[in-house]
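Going down the list, the sequences are from chains A and B.
Under the working numbering, the first residue of the first sequence carries the number 1, and numbering increases by one thereafter.
Under the working numbering, the first residue of the second sequence carries the number 1, and numbering increases by one thereafter.
Calculated from the structure, these hints are not laboratory results.
This one's a predicted model, so the numbers in the text were calculated from it and none came from an experiment.
Cβ coordinates follow ideal geometry from the N, Cα and C atoms, glycine included.
Where hints are given, some of them may not hold.
Derived list of chain A stretches under chain B, where covered just means 3 residues or more per stretch with a C-beta under 8 angstroms from a C-beta of chain B [what the hints assert, rightly or not]:
1. 3-10
2. 15-24
3. 154-163
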Amino acid sequence: MPDYFVDLNKKEKSVRFTAPGEIEIDGRSYHYRIEEINENYYLLRLNNRVYKVNKVLGDKSNSLILIEGKYFETEVRTNLEQKARQVLSNVKQKSHHSLIKSPMPGMVLKIKKNAGDEVAQGESIMILEAMKMENDIKSPFSGIIKDIYVDEGSAVEKGAKLFLIG
Amino acid sequence: MYFNKILIANRGEIAVRIIRAARELGIGSVAVYSDPDKSALHVKYADESYPLNGISAADTYLNIPKLLEIAKISGAEAVHPGYGFLSERAHFITAVEDAGLVFIGPSANSVEMMGSKTGARQIMKQNGVPFVPGTTEPVEAVEEATAFASKIGYPILIKASAGGGGKGMKKVYNSDEMEEAFFSAKREALSAFGDSAVYIEKFIENPKHIEVQILGDKFGNYVHVFERECSVQRRHQKIIEESPSPVMDGNTRKKITETALNAAKACNYYNAGTIELLMDEKKNFYFLEMNTRLQVEHPVTELISGIDLVKEQIKIAAGEKLSFSQKDIKLSGHAIECRIYAEDPDNNFLPSTGRITFHRLPTGPGVRVDEGIEAGSDVTMHYDPMLSKVIVYGSDRHSAIERMKIALASYSITGVQTNLSVLLWLLNNDSFLSGKYSINLLDNEFFPLVPGKWKECICDEIEDAATAFVAILRDHSRNSSNNLRLNEVMTENNWCNEE
Numbered sequence: 001m002p003d004y005f006v007d008l009n010k011k012e013k014s015v016r017f018t019a020p021g022e023i024e025i026d027g028r029s030y031h032y033r034i035e036e037i038n039e040n041y042y043l044l045r046l047n048n049r050v051y052k053v054n055k056v057l058g059d060k061s062n063s064l065i066l067i068e069g070k071y072f073e074t075e076v077r078t079n080l081e082q083k084a085r086q087v088l089s090n091v092k093q094k095s096h097h098s099l100i101k102s103p104m105p106g107m108v109l110k111i112k113k114n115a116g117d118e119v120a121q122g123e124s125i126m127i128l129e130a131m132k133m134e135n136d137i138k139s140p141f142s143g144i145i146k147d148i149y150v151d152e153g154s155a156v157e158k159g160a161k162l163f164l165i166g
Numbered sequence: 001m002y003f004n005k006i007l008i009a010n011r012g013e014i015a016v017r018i019i020r021a022a023r024e025l026g027i028g029s030v031a032v033y034s035d036p037d038k039s040a041l042h043v044k045y046a047d048e049s050y051p052l053n054g055i056s057a058a059d060t061y062l063n064i065p066k067l068l069e070i071a072k073i074s075g076a077e078a079v080h081p082g083y084g085f086l087s088e089r090a091h092f093i094t095a096v097e098d099a100g101l102v103f104i105g106p107s108a109n110s111v112e113m114m115g116s117k118t119g120a121r122q123i124m125k126q127n128g129v130p131f132v133p134g135t136t137e138p139v140e141a142v143e144e145a146t147a148f149a150s151k152i153g154y155p156i157l158i159k160a161s162a163g164g165g166g167k168g169m170k171k172v173y174n175s176d177e178m179e180e181a182f183f184s185a186k187r188e189a190l191s192a193f194g195d196s197a198v199y200i201e202k203f204i205e206n207p208k209h210i211e212v213q214i215l216g217d218k219f220g221n222y223v224h225v226f227e228r229e230c231s232v233q234r235r236h237q238k239i240i241e242e243s244p245s246p247v248m249d250g251n252t253r254k255k256i257t258e259t260a261l262n263a264a265k266a267c268n269y270y271n272a273g274t275i276e277l278l279m280d281e282k283k284n285f286y287f288l289e290m291n292t293r294l295q296v297e298h299p300v301t302e303l304i305s306g307i308d309l310v311k312e313q314i315k316i317a318a319g320e321k322l323s324f325s326q327k328d329i330k331l332s333g334h335a336i337e338c339r340i341y342a343e344d345p346d347n348n349f350l351p352s353t354g355r356i357t358f359h360r361l362p363t364g365p366g367v368r369v370d371e372g373i374e375a376g377s378d379v380t381m382h383y384d385p386m387l388s389k390v391i392v393y394g395s396d397r398h399s400a401i402e403r404m405k406i407a408l409a410s411y412s413i414t415g416v417q418t419n420l421s422v423l424l425w426l427l428n429n430d431s432f433l434s435g436k437y438s439i440n441l442l443d444n445e446f447f448p449l450v451p452g453k454w455k456e457c458i459c460d461e462i463e464d465a466a467t468a469f470v471a472i473l474r475d476h477s478r479n480s481s482n483n484l485r486l487n488e489v490m491t492e493n494n495w496c497n498e499e
């Protein structure tokens, strides 16, 4: 039974701590050592190889890390959290509402759709201006626009609700 | 002494770069800053710093009366504009000179002739320099744009007359797309450059972006410092540049450098300038525009020639003659620059904002970093998201590429996401390695793998390291008495790799 499940760029890995300083990842065993240089910079040794690891963003469960110039979006779940997630994902499939949030702070330049319109996945739904560039915001889902939370000309923060698609 | 003190009317890495050059020449530096930049690196690095009191570019780095007031208060004798902002505004140069100061750059007249891309095209036409078919005048109405496009044939590009850096530029494949693209380009041009004028150009299939660096003094002496290739672009923004171009031959180089010098002479140019060209697969080349300023990618030219372009700019502005002639300039080795942007490649390259929590630069033989940030710097949505530039030198292209891979892999930066992974992907891409890539490299080969798929070639070893890292940290936070499951005191020696 794994101790943890790790999503690495959306790819799932299972992890077991078999003994102090011993870790098993998808059945592969390693000795490890880790040293915190500061809260953003660590040295990790796996068997005989040393990696410099940067914790770029995030908290205990979700973080973006950088190793040797490569970024990994990660999510760590305990056994219990893994089970909870499976239950939740079953529930989620029954309700079809999906929220689109602003990926960055900016100004809403143009809203291309009205409530009630049908959108396809990847279709451009609004233009967000930031850093002097017009950024096309594309719908990550297909569906009907149930609600629009912003107006043209309004400033939005990162994570602000933009559209509800059902 | 060329000047006692100069004011740098810019921010970020280029302001730091100019301060360094001034310092080497024994010249004092005066930095300016907007409210969001009050603790930025260039502010701390300069000898003196003055607030511009405001947030938007228009209120701060584009505010000519404020800049001139600070120049006066500080006693600066000359103004360096960097790139972007006021660097290509003729009226700024006039204002600087009217205030009794020296502008470190070309004359207002040269900038006026070349700064308007449509004006530049007319001069090139008169001087027999080849250029891409397009309108020589700004296009006012969308109907006019559609009519012209059907005459020269789709696809076409709509470009900002006052522009650069991909802002206000749109590609149009057919007449249905014209209206939206036309007005979008005009809006971007207006907000980025304060001028909504746009023009239309025929789109050339799979071209390379080649540019020639020139230097001219105020006595009519000109030299070129070879070419740079800047074809690795996304959204028309350069991300990797190199010199020399991997496909350049002696004959073509002779032709393009002659063309560049003719273009510079045609506008009585002095100081550092760049002639941008498109080169098709048969090595036909077309004049694109002249950039009447220092380029972002100037370091690659510095590394292959040994010439410090910023110091030359200052000397030329001070009225010095060029201290070398064409035959003294030798091309040696190969240099590559990678631009580090705060952005999220899997999310349409949207800028990633936040505070830099940790920053550790790559080092080693042949590695140079021109940086505009440090730990504690804020990356805001107000300005361009370029953080720094990593430039490497090698005896040949292959060794430069290998050096760049190691440099990027050892660059630590936290608090924002960057394009480091994309740059490494590109440095391992077959088209890039062959040198036969065009400006469509990312569109053709990278974007089809977004989101996520481009990361799939990552080796298991690093994936396991990433997995182990996050699991160990999580486990430690649950069992914090467990002290990272180390249980042993670690010594320096423990970090040596065992054979």
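Okay, the hints, checked on the actual structure:
{"no.": "1", "hint": "3-10", "in the structure": "holds (count 6)"}
{"no.": "2", "hint": "15-24", "in the structure": "holds (count 5)"}
{"no.": "3", "hint": "154-163", "in the structure": "violated (count 1)"}
Checked against the numbered hints above, the structure violates only hint 3.
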